[in-house]
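The listed protein sequences correspond, in order, to chains A and B. So in UniProt numbering, spot 149 of the first sequence is number 149, and the numbers just go up one at a time. So in UniProt numbering, spot 29 of the second sequence is number 29, and the numbers just go up one at a time.
All clues stand as given, with none of them false.
Pair by pair, the computed Cβ-Cβ distance ranges are:
hint, chain 1, residue 1, chain 2, residue 2, range
1, A, G301, B, L177, 55 to 61 Å
2, A, G301, B, F324, 57 to 63 Å
3, A, S241, B, P113, 20 to 26 Å
4, A, E339, B, R214, 53 to 59 Å
5, B, F324, A, L256, 29 to 35 Å
6, A, D63, B, L177, 33 to 39 Å
7, B, Y61, A, S281, 39 to 45 Å
8, A, S241, B, K203, 34 to 40 Å
Only some residues are given here: those of chain A computed to face chain B with a beta carbon under 10 Å:
hint, residue
9, I58
10, E225
11, I269
In the DSBU-like style, the derived pairs of lysine-lysine whose C-alpha atoms are separated by at most 30 Å in a straight line are:
hint, chain 1, residue 1, chain 2, residue 2
12, A, K46, A, K96
13, A, K289, B, K274
14, A, K213, B, K62
15, B, K34, B, K93
16, A, K153, B, K274
17, A, K289, A, K93
18, B, K274, A, K230
19, B, K20, B, K46
20, B, K230, A, K62
21, B, K46, B, K12
22, B, K289, B, K46
23, B, K213, A, K62
24, B, K62, A, K230
25, A, K203, A, K230
26, B, K274, B, K176
27, A, K230, B, K230
28, A, K7, A, K62
29, B, K93, B, K7
30, B, K176, B, K203
31, B, K116, B, K34
32, B, K274, A, K116
33, A, K289, A, K95
34, B, K274, A, K62
35, A, K154, B, K274
36, B, K120, B, K93
37, B, K274, A, K213
38, B, K274, A, K176
39, A, K95, A, K120
40, B, K116, B, K95
Hints in this document: simulated from the structure, not taken from any laboratory. Positions of the beta carbon are idealized from the N, C-alpha and C atoms, including for glycine.
2 protein chains.
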Amino acid sequence: MAQVRNKQVLLKNYVTGFPKESDMEIVEGSITLKVPEGSSDVVLLKNLYLSCDPYMRILMYKDTPLSLGFQYSPGSPLTAFGVSKVVESGDPKYKKDDLVWGVTKWEEYSLVPSAKILFKIDHTDVPLSYYTGILGMPGMTAYGGFFELGCPKKGEKVFVSAASGAVGQLVGQFAKLTGCYVVGSAGSQEKNKLGFDEAFNYKEESNLDAALKRYFPEGIDIYFENVGGKTLDAVLLNMRSHGRIPVCGMISQYNLSQPEGVTNLANLIYKEIKMQGFIVSQFYPLYPKFLEFILPHIREGKIAYVEDIVEGLEGGPAALVSLFSGQNLGKKIVAIAPE
Amino acid sequence: MAQVRNKQVLLKNYVTGFPKESDMEIVEGSITLKVPEGSSDVVLLKNLYLSCDPYMRILMYKDTPLSLGFQYSPGSPLTAFGVSKVVESGDPKYKKDDLVWGVTKWEEYSLVPSAKILFKIDHTDVPLSYYTGILGMPGMTAYGGFFELGCPKKGEKVFVSAASGAVGQLVGQFAKLTGCYVVGSAGSQEKNKLGFDEAFNYKEESNLDAALKRYFPEGIDIYFENVGGKTLDAVLLNMRSHGRIPVCGMISQYNLSQPEGVTNLANLIYKEIKMQGFIVSQFYPLYPKFLEFILPHIREGKIAYVEDIVEGLEGGPAALVSLFSGQNLGKKIVAIAPE
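The following block holds chain A by itself, in its conformation from the complex:
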């Protein structure tokens, strides 16, 4: 039976501190392009786009605190979100050439349990890469976190950290669509505001509390939390009464052996703040509703989405590592096969 090359990105060792390209390695394996006889619940995928996301760093810990239904182990390819084409399916729900997005692996071809496929892709008039971002996991993250947990009201003041990232750039635009005032912070010099009211580079602010008081003289109603640490501490001093903090991520803390201490939590009491951590999967049942909301906005050009696409699996490790440099701009994607 015909075997083909299957390049893979393996985790080389569990990571401490900032991840390095050398924590991963590219190997050339091979795969038989055939679903094993009698396997009714596996699908053979050709991976087209792989998604680089901050949570992947947490899975690189030896004893990861994150339970997503998959783990990393040295010598195995990274597991992550991606857009794939079905080569062959043992599961009658899928057929050859179906386009899907879900949890796949960092390799050219993957044999995965069909349950790991999250959604079949029905709309292809938009870029296919969008299903790793605005139309995929990060899109649902921004949508569920902002609307379901943030409960925004017109006129409210919204602050988003990691505002140029895959999720942050959408939260800001959702806030504008809702009639909120929105300010984003990011670590890059780029002044692309993505339609936000204001944006600032946190690296240029020696006093985050003062910066927030400048942008939010009346305080913050919703803080969409992507970074944690010092930023969260400064935000807590500037929240308004009955504020909401959907906690999506804390990217500034993932690489620290000792996370920064947050000292201003008593403000949760003084301001009666709701701070709620979440994992995107709880919102997947809303996906059809989400598509109805967002596809027209994309088609009419009312929502922009910045992507940063790297070509070739070989570039994967560097792309993933770059997420943590604070220079990231846009959704980081590895394109590994032509559509």
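Put chain B on the given structure of chain A with help from the hints.
Chain B only, in chain A's frame:
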């Protein structure tokens, strides 16, 4: 017009660090026992019981972060919850000899806006002092925080800090009534478990994380937060998926010029935890429902309430200061006049 003596406890200066008795002073003023002519919205109260509560420390800061509709200023009597008897009322809603609870002052007689009275006391077959505790603000705090924000389900695992305090002792009993497993921590050697399943003295535990793992091998569903700091940090490591943390207080932090840093907040994400700060006033509309729930339990002896009553206004400063010693056992009350 007849004047009578009116002993008062004044704030002497704004407080930094742990409060001391000498931050307050007892003075003997006088008051005319008459509502001023034409005042239709003030009430003259004879104060019977004054309540010592941890939030009072926060109001002793020069720029208090807490907005409760009243503030402390040097030279003025402390404002606090209490049980009082109406001497004369300008407001037709109240009449002479009515018993009431609400916001009054640390003095023998107080002329207060009638809006500061929260509730008229209709049930006097239970101790009147209970209206500073189980039937007053702390009772509503425990009830609203635990049931409305904690959303307990039978069989869930509940941890309560400051478990021997005015609020904590009730939360534990509410948890038992709900069919939960409940463990409390406190700083005293007393092993009065108040019906909790287990209780421990946090001062005897060199490793809080290990202590929690011992009492909660399967993790914590609800943490009723009264103390903050190191305890919260250890709890975050031991929460279960979809846990809830009603944040009632952070008494361990109120006297620190630099609060302890909480480092494990990323667990909010990993475990999808909801952490919600609150001020009791949002629950006052539930007071009639609360009385219906709790009065039968008190009358049938199914809920116990430990009080620590100090006699005489002169003992007030010491009583208030003692809340922060970590030795507190039971609801601290100052009885200043015979019923």
